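Engineer: What follows is each chain in one-letter form.
2 protein chains.
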Amino acid sequence: MSLEIIPVEGIGVVSPGDDLLTILTDALRPHHPLSGDVVVVTHKIVSKAEGQVVAIEGDPEEFKQKLVESEAVSIVRRRGDLIIAETRHGFICANAGVDRSNAAPDTMILLPEDPDRSARRLKHRFDHEFGVDLAVIISDTFGRPWRRGLTDVAIGLAGMRPILDLKGTRDWSGYELDVTEISVADELASAADLVMGKASGIPTALIRGYQYEPGEGQAADLVRPPSEDLFR
Amino acid sequence: MSLEIIPVEGIGVVSPGDDLLTILTDALRPHHPLSGDVVVVTHKIVSKAEGQVVAIEGDPEEFKQKLVESEAVSIVRRRGDLIIAETRHGFICANAGVDRSNAAPDTMILLPEDPDRSARRLKHRFDHEFGVDLAVIISDTFGRPWRRGLTDVAIGLAGMRPILDLKGTRDWSGYELDVTEISVADELASAADLVMGKASGIPTALIRGYQYEPGEGQAADLVRPPSEDLFR
Chain A
3 MSLEIIPVEG IGVVSPGDDL LTILTDALRP HHPLSGDVVV VTHKIVSKAE GQVVAIEGDP
63 EEFKQKLVES EAVSIVRRRG DLIIAETRHG FICANAGVDR SNAAPDTMIL LPEDPDRSAR
123 RLKHRFDHEF GVDLAVIISD TFGRPWRRGL TDVAIGLAGM RPILDLKGTR DWSGYELDVT
183 EISVADELAS AADLVMGKAS GIPTALIRGY QYEPGEGQAA DLVRPPSEDL FR
Chain B
3 MSLEIIPVEG IGVVSPGDDL LTILTDALRP HHPLSGDVVV VTHKIVSKAE GQVVAIEGDP
63 EEFKQKLVES EAVSIVRRRG DLIIAETRHG FICANAGVDR SNAAPDTMIL LPEDPDRSAR
123 RLKHRFDHEF GVDLAVIISD TFGRPWRRGL TDVAIGLAGM RPILDLKGTR DWSGYELDVT
183 EISVADELAS AADLVMGKAS GIPTALIRGY QYEPGEGQAA DLVRPPSEDL FR
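As you go down the protein sequences, you meet chains A and B in turn. Position 121 (the first sequence) corresponds to 123 in our numbering; numbering is contiguous. Position 180 (the second sequence) corresponds to 182 in our numbering; numbering is contiguous.
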C-alpha cells in the first residue's frame, strides 16, 4: 500500500502560552485524521507553547554557550563553538538541543521538558477530538557522525512502538535476518521533514498508510544504553 | 504538496547476471514514472545483479570475519563479533557492508563496487525508457551511535543533490538558520524503507511529489571528511 505524507498548513507562529492542542486540532481537521495515521510535529512549536524559551541576556554567543552547558548533563565532544552534548533526556546532539532558528527575536528555544509526555497529550486530544486511535511523533533535527547533513529524528512519541523488531523474521531464502531493529520512528520523522522543511513554516505533517505497531512506546527507548554504545 | 511513497512490486528474486535494468523498468512501468520522481532501490538487488556476491567457504562465521576485514579499509570499533568499519567508499557501517540477509543460501552480499555509478546507470535507463528526468537513490540500512535501531541511508545517487543547503536562508523571524545542511537523500532513503521493509520482498519504492534540487550529485558527497569528523 502507498504511503502519503501530507503537510499540515495554517498553523502559523506559536508563542509561549498558546493553546497548541487546539491550534493543531484545528489545522488537522480538514485532513480528517484516521486511526493509524501518524502526526509528526516539530519540537519547536511544542517547546514554544510549553514556554521552553529563554530570553537572551548580554552577548548572544556567550549566553548560548552558558545555556548549552546548563542544559547538558555531559559534553561528548567540543570543537570551537560546536558542542555535542548529552541532554537530560539522554539524547546526544549539537548544543544540547538549544536552538535559535524559528525562535522569537532575542530568544532561544530549549527541548521540551518531557517530549514523550508532550506527545501523549497531543495523542490524547487528537484521539478524543477525531474519535480515532493514532500515533504522534515529536521531531528534532540531529546531526550524526561520519555523514554530512542532518536528518530529523523522533524525540517524543505516543501510540506506537518506535522500533520494529524483526528478530526471528526470515528473509525469502529462509535465513534469519542479520538486521533486527529498525528505528521506524526516526524514519517517520525523516519522511515528515521532506514536506516540512526548515524555512517553509510548516511544522507538522500527517503520515497516512504506514502500518505501525500500536503500543505504549516512547522515544526515550530510542536512546542506546551507554553500556551498549561504542561511541561515548 | 503531499508526497506519495509507492512500493514497487513484482521484482522477485534477483540473481547474479540478471538484467536489473530491464527488471526494474518493467516493475516501474505500471506506475508511469514522471520527471521529478525519486526511485529508491535497496543495494541488495544491485549488488546481486552486479555479481557482488561471495560463496561461503568453511565456517560461515570465520569466513564472514575474514571477508569483513578484506572489505574494510579501516576498523573504527570492534566488540566481540561486531565490527564497525570504513569501506573503500568511505562509508562507516557494521561489517563493512557485508551481509547475509536476503542472500542466496551459502553466500554473502557485498556493497556495489561503485554505488553512484550503479545509480547513474539506472537513471540513464529509466530516463530513456520513460522519457523523463528523475532521480535514483541506492539505499542500505546503517546503524548509528547513541540511538537504538537502524535507518536506511543513501549509498548511491544520481540526478539530484543529496544535501539541501539552506545557508543564508532566513526563518520567519528573519534570523538566519542555524541548521544549514539537510541530508535529504538519507531522509528519502528512510522514507522509502517504510514501504519496503526487510522481510517484505519489496526492494524498490517510487517517491512522488518531493521537490529535490536536480544536479550532478553523488552519495559520496555524504561522507563527512575525516578532518571535520569528531568521532573517528
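Quick caveat, the hints were computed from the structure, so don't treat them as lab data. Mixed in with the good hints, there may be bad ones.
No farther apart than 27 Å at their CA atoms in a straight line, the calculated lysine-lysine pairs in the DSS-like style are these [unchecked claim]:
# : chain 1 : residue 1 : chain 2 : residue 2
1 : B       : K66       : A       : K169
2 : A       : K66       : B       : K68
3 : B       : K68       : A       : K169
4 : A       : K68       : B       : K68
From a predicted model like this one, the values you see are computed outputs, not experimental measurements.
Engineer: Decide, hint by hint, whether the structure agrees.
Structural biologist: Evaluated hints:
no.: 1; hint: K66/B with K169/A; result: 20 Å, holds
no.: 2; hint: K66/A with K68/B; result: 48 Å, violated
no.: 3; hint: K68/B with K169/A; result: 25 Å, holds
no.: 4; hint: K68/A with K68/B; result: 48 Å, violated
When the structure is compared with the earlier hints, violations turn up for hints 2 and 4 and for no others.
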